[in-house]
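S.K.: Let the hints inform the model, and build the full structure from the sequences given.
Residue numbers (the numbering used here): 1 to 449.
These are computed hints drawn from the structure, not numbers from a lab. Just so you know, not all the hints are guaranteed correct.
What the hints assert, rightly or not - Straight-line distance between alpha carbons at most 27 angstroms, and here's what the computed DSSO-like set of lysine-lysine pairs gives: (1) LYS180 - LYS130; (2) LYS121 - LYS176; (3) LYS130 - LYS176; (4) LYS121 - LYS180.
As the list claims (entries may be wrong) - Restraint ranges, calculated between C-beta atoms of paired labels, are given here: (5) GLU309 - PHE118: 24 to 34 angstroms; (6) ARG327 - GLU179: 23 to 33 angstroms; (7) ASP333 - SER60: 35 to 45 angstroms; (8) LEU424 - ALA133: 49 to 59 angstroms; (9) ARG51 - ARG330: 27 to 37 angstroms; (10) GLY376 - GLN169: 19 to 29 angstroms; (11) PRO24 - GLY61: 32 to 42 angstroms; (12) PHE18 - ARG291: 39 to 49 angstroms; (13) SER60 - ALA347: 23 to 33 angstroms; (14) PHE18 - ASP299: 19 to 29 angstroms.
A virtual CB, placed ideally from N, CA and C, is assigned to each residue, including glycine.
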Amino acid sequence: MFERPRSGERAVLVRLGFGAPVDPEDLRELEELARSAGAQPVATITARRERPDPRFFMGSGKADEVRDAAVASSADVILVDHTLTPSQERNLEEHTGRRVLDRNSLILDIFAQRARSFEGKLEVELAQLKHIASRLVRGWTHLERQKGGIGLRGPGETQLETDRRLIGQRVRVLTKRLEKIQQQRETGRRMRAEIPVPSIALVGYTNAGKSTLFRALTGADAYVADQLFATLDPTVRRITLPGGTPVVIADTVGFIRALPHELVAAFKSTLTEAREATLLLHVIDASDARRAEHMAQVDAVLADIGAKEIPQILVYNKIDRLELAPRVDRDADGRIAAVWISAAEGAGLSDLREAITERLARSTRRARLKIPASGGALRSRLYAARVVREEHASEDGSIELTVELPMLELLALTRTPGVRILDLAEDMACMPADGFLQSAPFSSATRFS
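M.R.: Pasting the structure below:
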């Protein structure tokens, strides 16, 4: 039976183009993935096909070429930039005598190396177990005990079935642990919602500079590196915007083309930070030739997790590589649509802060809330957030507060037992001022700078 090496760093990269030549940018991303996993690319094999081959995914002649390249370069592993079936992966391993990893396995391995928090490690392990469950047959066919025949009649359960049962048990344990952690995170989100502070989530393609921007905006000691998936675990910090507006900023995991479904399902906690945000900062590598394609892929993931309708500001990062000056782009309605910055050099960050303040101000509404007599703690938190404009006490002991908050935060308050919205002002624009956000009736003469 083929024995897998315990470790391997020298890698042969394989990428096929279906109906078209292989895009050099796809090869570059595969090389970055390989290096992020700790491998050293020593050979690259490309080919063009109309459809995958059911046996090797590639043709038999190309499989021979991959085997010869692995032998010539003394490679330890073959990295295929596609999703392979278990049988295709097994056939390639037997044919080449090398360990074979498809794109999903490679990304899972990177995630396993990068996870730092207890929650992140559990999420990666859960995704790995679900991924390898269908691939166990490769390692245990020699222990089959149900085939019958002399010397092969056994206790009735194959080693394969035993491992599947053990994996199933471990998956259930991990799922319960993660559910408990997610409940704790949800409690934290509800508490943040009760202290009505707008939340901002950084999203974008991996290596677009989200963690660098997070560090620049918050001063947090976030890990930053020029590699794919440098950080995985969600990090949340509170900052104050110009005019005294408090906000919470969350850094999230980077997206990538063909992100494995196991990881999308596992990293719910990170993605929830984006789904529950008041505003998204979509960070884009301005120097990337394929930035439009990457933006579309990020938007597709946001749609999958239910965050498509959340307002966005496009943040074009790394403008220093293009020798561009910071600037702000507005749409036809005069609303800020994009900000061009360099997070590494700090260029344009003041424009970005002002843009965030303005976008949050435009979504702010004045409302009159009724809070029960038992809601003293909520009243204190509203005052601490500097959103209260007026207060009146009712005869029944309840309190009426006039507040100014983003609409999403107002809706979140209505989920608090006993809290009701009595009045909601018509559309208004809110201008940054001393303290929090002061409102002014919206008119065509209102200007934002």
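S.K.: Each hint: holds or not?
M.R.: Hints versus structure:
Between LYS180 and LYS130, the direct Cα distance comes to roughly 20 angstroms. Compliance with the 27 angstroms bound is thereby established for this hinted pair. Between LYS121 and LYS176, the direct Cα distance comes to roughly 14 angstroms. Compliance with the 27 angstroms bound is thereby established for this hinted pair. For a cut-off of 27 angstroms, the pair hint linking LYS130 to LYS176 stands: about 15 angstroms separates their Cα positions. In summary, the hint linking LYS121 to LYS180 is supported, as the alpha carbons are separated by about 15 angstroms, within the 27 angstroms threshold.
Between GLU309 and PHE118 the CB atoms are about 32 angstroms apart, so this pair conforms to the stated range of 24 to 34 angstroms. Roughly 45 angstroms separates the CB atoms of ARG327 and GLU179, a value that falls outside the hinted 23 to 33 angstroms. Restraint check, ASP333 to SER60: a C-beta distance of roughly 59 angstroms breaks the suggested window 35 to 45 angstroms. For the pair LEU424 and ALA133, the beta carbons lie near 51 angstroms from each other, so the given range of 49 to 59 angstroms is met.
The hinted range of 27 to 37 angstroms is not satisfied by ARG51 and ARG330, whose Cβ atoms lie roughly 47 angstroms apart. In this structure the hint that GLY376 and GLN169 lie 19 to 29 angstroms apart at CB is violated, the actual value being about 47 angstroms. Range check, PRO24 to GLY61: Cβ separation about 23 angstroms, and the 32 to 42 angstroms hint is violated. A beta carbon spacing of about 24 angstroms between PHE18 and ARG291 contradicts the range 39 to 49 angstroms that was offered as a hint.
Taking the beta carbon of each, SER60 and ALA347 are about 54 angstroms apart, not inside 23 to 33 angstroms as hinted. Restraint check, PHE18 to ASP299: a C-beta distance of roughly 24 angstroms satisfies the suggested window 19 to 29 angstroms.
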